[in-house]
Amino acid sequence: MPSPDDGANTAKPGLRADKWLWQARFFKSRSRAAAIVEAGHLRINGQRAVKPSQTVRVGDTLTFVQERDVRVVRVLALGSRRGPAEEARQLYDDLTPPSEPSPGAPQPLRGRPDRDARRQGRLSRQGPLE
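In the working numbering, the protein residues as written are 2 to 131.
If you are wondering where the hints come from, they were derived from the structure by calculation, not from laboratory data.
A hint or two may mislead.
[What the hints assert, rightly or not] Restraint ranges, calculated between C-beta atoms of paired labels, are given here: (1) Asp115 / Glu68: 39 to 47 Å; (2) Ala118 / Lys29: 29 to 37 Å; (3) Ser30 / Ser81: 14 to 22 Å; (4) Gln48 / Arg26: 22 to 30 Å; (5) Asp115 / Arg31: 18 to 26 Å; (6) Asp115 / Ser54: 51 to 59 Å; (7) Glu87 / Thr62: 47 to 55 Å; (8) Arg120 / Arg31: 23 to 31 Å.
[Stated by the list, open to error] For lysine-lysine, the following DSSO-like pairs were computed, each having C-alpha atoms within a straight-line distance of at most 30 Å: (9) Lys13 / Lys52; (10) Lys29 / Lys13; (11) Lys29 / Lys52; (12) Lys52 / Lys20.
Where is the CB? At the ideal position from N, CA and C, for every residue including glycine.
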């Protein structure tokens, strides 16, 4: 029988992928995180995860889609609960490059639009004149 100190039992601890994504506050519910994994939208170290029960370990790199953005994070800790956002932020290092707005994307409105901006908006929503 091998003793615990001979190196045969040196597996790193892990956590289910859906549970870690939920604890790190990437998804509002664990079932939503599990659905993302089952749909094949999670990669662990470049390999597609197919089951929500797949193990995530410290040092793994996760790539997944969150809303319309692709997120890349490195697991720093496993966590023991779904805590506040500050605590969840300590579980990962965000490797996602900052996105630049596309040139054709509408700019966010700042304040209330004036008369000219409202008119411009109405004209842009109308179809071409025939």
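Hints, verified against the model:
no. : hint                       : verdict
1   : Asp115 / Glu68: 39 to 47 Å : 31 Å, violated
2   : Ala118 / Lys29: 29 to 37 Å : 35 Å, holds
3   : Ser30 / Ser81: 14 to 22 Å  : 19 Å, holds
4   : Gln48 / Arg26: 22 to 30 Å  : 24 Å, holds
5   : Asp115 / Arg31: 18 to 26 Å : 46 Å, violated
6   : Asp115 / Ser54: 51 to 59 Å : 55 Å, holds
7   : Glu87 / Thr62: 47 to 55 Å  : 23 Å, violated
8   : Arg120 / Arg31: 23 to 31 Å : 48 Å, violated
9   : Lys13 / Lys52              : 19 Å, holds
10  : Lys29 / Lys13              : 27 Å, holds
11  : Lys29 / Lys52              : 19 Å, holds
12  : Lys52 / Lys20              : 12 Å, holds
When each numbered hint is compared with the structure, violations occur for hints 1, 5, 7, 8.
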